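2 protein chains.
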Amino acid sequence: MKKELEEILQLIHEKKFTEVREKIINFNPVNIAELIEDLELSETILIFRMLPKDLAADVFNYISNESQGKIISSITSNELQYIMDELFFDDMIDLLEEMPSKVVKEILKYSNVEERKLINEFLNYPEYSAGSLMTIEYVDLKKNMTVMQAIEHIKATGVNKETIYTCYVIDEKRKLEGIISLRNLILSDYDLKVGDIMEKDIVYVNTHQDQEEVANAFKKYDLIAVPVVDMEDRLTGIITIDDIVDVIDQENTEDFQKMAAISPSEKEYLDTGVWTLAKNRLMWLVILMVSATFTGNIIKKFEDVLQSVVLLTAFIPMLMDTGGNAGSQSATLVIRSIALGEIQGKDTLRVIWKELRVSLIVGVCLSSINFLRIYFLEKVPFYISLTVCITLFCTVVLAKVVGAILPMLAKKLKLDPAIMASPLITTVVDAASLMIYFSVARFLLGI
Amino acid sequence: MKKELEEILQLIHEKKFTEVREKIINFNPVNIAELIEDLELSETILIFRMLPKDLAADVFNYISNESQGKIISSITSNELQYIMDELFFDDMIDLLEEMPSKVVKEILKYSNVEERKLINEFLNYPEYSAGSLMTIEYVDLKKNMTVMQAIEHIKATGVNKETIYTCYVIDEKRKLEGIISLRNLILSDYDLKVGDIMEKDIVYVNTHQDQEEVANAFKKYDLIAVPVVDMEDRLTGIITIDDIVDVIDQENTEDFQKMAAISPSEKEYLDTGVWTLAKNRLMWLVILMVSATFTGNIIKKFEDVLQSVVLLTAFIPMLMDTGGNAGSQSATLVIRSIALGEIQGKDTLRVIWKELRVSLIVGVCLSSINFLRIYFLEKVPFYISLTVCITLFCTVVLAKVVGAILPMLAKKLKLDPAIMASPLITTVVDAASLMIYFSVARFLLGI
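Just so you know, the protein sequences line up as chains A and B, in that order.
Residues 1 to 447 (the working numbering) are what the first sequence spells out, left to right.
Residues 1001 to 1447 (the working numbering) are what the second sequence spells out, left to right.
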């Protein structure tokens, strides 16, 4: 593929446009989009205009918002209108949401009153809701059609539909009565009735449902499209798998960001400004910095212990880091299992019991390794070595149990478990770990 | 849905099995699977036997491996053979990989020599390769068929195919010549030739390609199925979108685990034994614990500074935590952007420049807030407050830049960027941060 793209680039630079046209129309629209994004604007427009109209609309859908804006301002109103007509409704809504208002006005010029009403309705669905993801280009059938009639209906109307692979059977009030896949239609006798072979145990979602729930329905039922109904069970749109794949990535990115104590943002990293990036990170850093002061206060309270055995200070980083790492391991596994639906609220005790046992194993191993290292290799006095290792053991056990409890608690309280991740766990465990450290030191070293 | 399931449960407990059968056959197989998983084994088998045979095979595919094993050992050979015949090839391979060898032998009894050869071949594809994901049930067409002939061919052979929505045009040597969607077939004139309307710019993958690359192809081209070819470009199988959705989740889970310093494991959390969980976490904890000793050694080297101003110790946790958090924010964003293909190797300098500017903003804010708090509220002496805040500023800048550089470096070295996450960054930044702290203290406090 790469090689062929380079050939085209070469032809463009040599201005052999007839040859370019001949070759490029056989390409996949995604590859054409990739190719013209890297060109000078004038060349982009030139190539774009060479494309047959429906291919042009396809290609338009795959280029970046920035380039879309540039193309919109460079082509004629006729060309623009054609592209708008060809775009699927959900892609047009996405475009309108991203474009500056000047461009939006330009686009809306070519829609009639009814369309504009519909566009407004769609723009008003809350972000991340099923309504904001759906499209209106689906195939609807009636119960009393025969399979042959249904296929003819699809043949006649399907060209503008986002998918024809799942068709929706509705009554005269647009209430959803069943669904039937093109697969079933093709594999059935032509004279059967749609109503007799459609599925009635329908998986559907509501316009106001969160996109994460929609994605979970796709995963659970292996869907390639899902119908969206309004409050009165009327079919209002469908959502297709290609948009859900994007949602899954988006939801995962959000979890990654929350778990690293960043306010989630949907924009790509390189497209996000420095000030926005800083703002998204500052709030949590300040909260965690101030919380870490409590840990500092514990040290102040035990200043006398440190003063008499300064060597104790040298093990603070190791204790804090190991506690934080042990806790974030547990928290991450639990948060991820909750997100994938592998752990439910009812499993809380099982999870804690499991983490407790894991922590005992890990705690014993780490403490032993550490004792061997500092007592025998570094010749640290016996009671100090013992203090460090007892603290290490307690810290690991505590960290793992807290790392399991906090996300489960968040789920119970209907908060997002992802915020109970590494940074917060570290801060909580640090304070506890130092308390244990100094108390054990006082007791064993008799300070 | 929930309510209907409860009704069925009620009927089962009342042993009204005729009514159960009448109701249950209208259910979605996923819901039936969910229902019978929670029953006693004897009831599970009973309900399972009530189902029409092809529904039974469908349901079988959606229940857990554990229940599958139990059902296999409880049903007759005839019943088992039927299910094996009905399962798609990729699902059967998955089943064979998970079952204990006793059960595998039982299953293989019902396959003939040729099948067994094919099964062996598939079991030998490396884990996580395209070959291990693909299935052999696809529709193949010939170039010289008309659209009508193609549709008739699909009608005759499609019932056992995993998808009929994308069909593959091959020559007599099984070399892939083009693909055509059922959509295009249905929407085209019946007497056109397949060879004239098929797509020739085909997106395909090789059997040995990694599943992550396959998933990226699906995302980039909005596919619902992709053909898999061998070294000689012969079509050997196809991969469908439902399996790719699982792959995306799996790859994300792997990243989450690596980023929390856990050796990745594919098994669900609750199904993983305590010893395995402990083993997966220990290696990294030991590595990081030993690395943290360097930080301890820095403290030992500067013992005299701490001895004369013990108060300095109280700020160590806050400095370490904030450095770790600031670094892991940057690392997470960069790792995630690399995983999603938003950042390439060529963007390294842009990323570092961006993080440098963000870190200056964040550093100034955090240091100022901290200075106000400790100097004015906690009445910490001026030069100590200044030492803490200068160190905080330098730590944040360093952490963010290191957090950006390490994942980019990993990518350059063809390592997985995900290992350059929070735990490793924290360990690196801790040491640097303490070095800065004590050096500034020596200079400003004249110790």
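Source of the hints: derived by calculation from the structure; they are not laboratory data.
A quick note: this is a predicted structure, and the numbers were derived from the prediction, not measured.
Even for Gly, the Cβ is constructed at its ideal location relative to N, Cα and C.
Check each hint, because a few of them may be wrong.
[To be verified] So, partial list: chain A residues that the calculated Cβ filter (under 7 Å) puts toward chain B:
#1 T157
#2 V159
#3 N160
#4 Y190
#5 A217
#6 P264
#7 L282
#8 L288
#9 K301
#10 E303
#11 V362
#12 C365
#13 P423
Outcome of the hint check:
1. A cut of 7 Å between beta carbons decides the hint on T157 (chain A): the least distance to chain B is about 10 Å, and the hint is violated.
2. Checking V159 (chain A) against chain B: minimum C-beta separation of about 5 Å stays under 7 Å; hint holds.
3. Interface restraint check for N160 (chain A): the shortest CB-CB distance to chain B comes to about 10 Å, outside 7 Å, so the restraint is violated.
4. Residue-level restraint check for Y190 (chain A) is violated (minimum Cβ-Cβ distance to chain B is 9 Å; threshold 7 Å).
5. For A217 (chain A), the suggested interface contact is broken, since its CB lies about 10 Å from the closest CB of chain B, more than 7 Å.
6. Against a cut-off of 7 Å between C-beta atoms, the interface hint on P264 (chain A) is violated, since the closest Cβ of chain B lies about 11 Å away.
7. Interface restraint check: L282 (chain A) against chain B, minimum CB-CB distance 6 Å, threshold 7 Å, status holds.
8. Here the hint on L288 (chain A) is kept, as its CB sits about 5 Å from the closest CB of chain B, short of 7 Å.
9. Below 7 Å, beta-carbon pairs count as interface contacts, and K301 (chain A) has none with chain B, the closest being about 9 Å; its hint is therefore violated.
10. Look at E303 (chain A): its Cβ gets to within about 5 Å of chain B, closer than 7 Å, so that hint holds up.
11. Taking 7 Å as the C-beta cut-off, the interface hint given for V362 (chain A) holds, the closest approach to chain B being about 5 Å.
12. Because the smallest distance between the Cβ of C365 (chain A) and any Cβ of chain B comes to about 6 Å, under 7 Å, the interface hint for this residue holds.
13. For P423 (chain A), the interface hint holds, the least distance from its beta-carbon to any beta-carbon of chain B being 5 Å, beneath 7 Å.
Comparing the model with each earlier hint shows violations of hints 1, 3, 4, 5, 6, 9; every other hint is respected.
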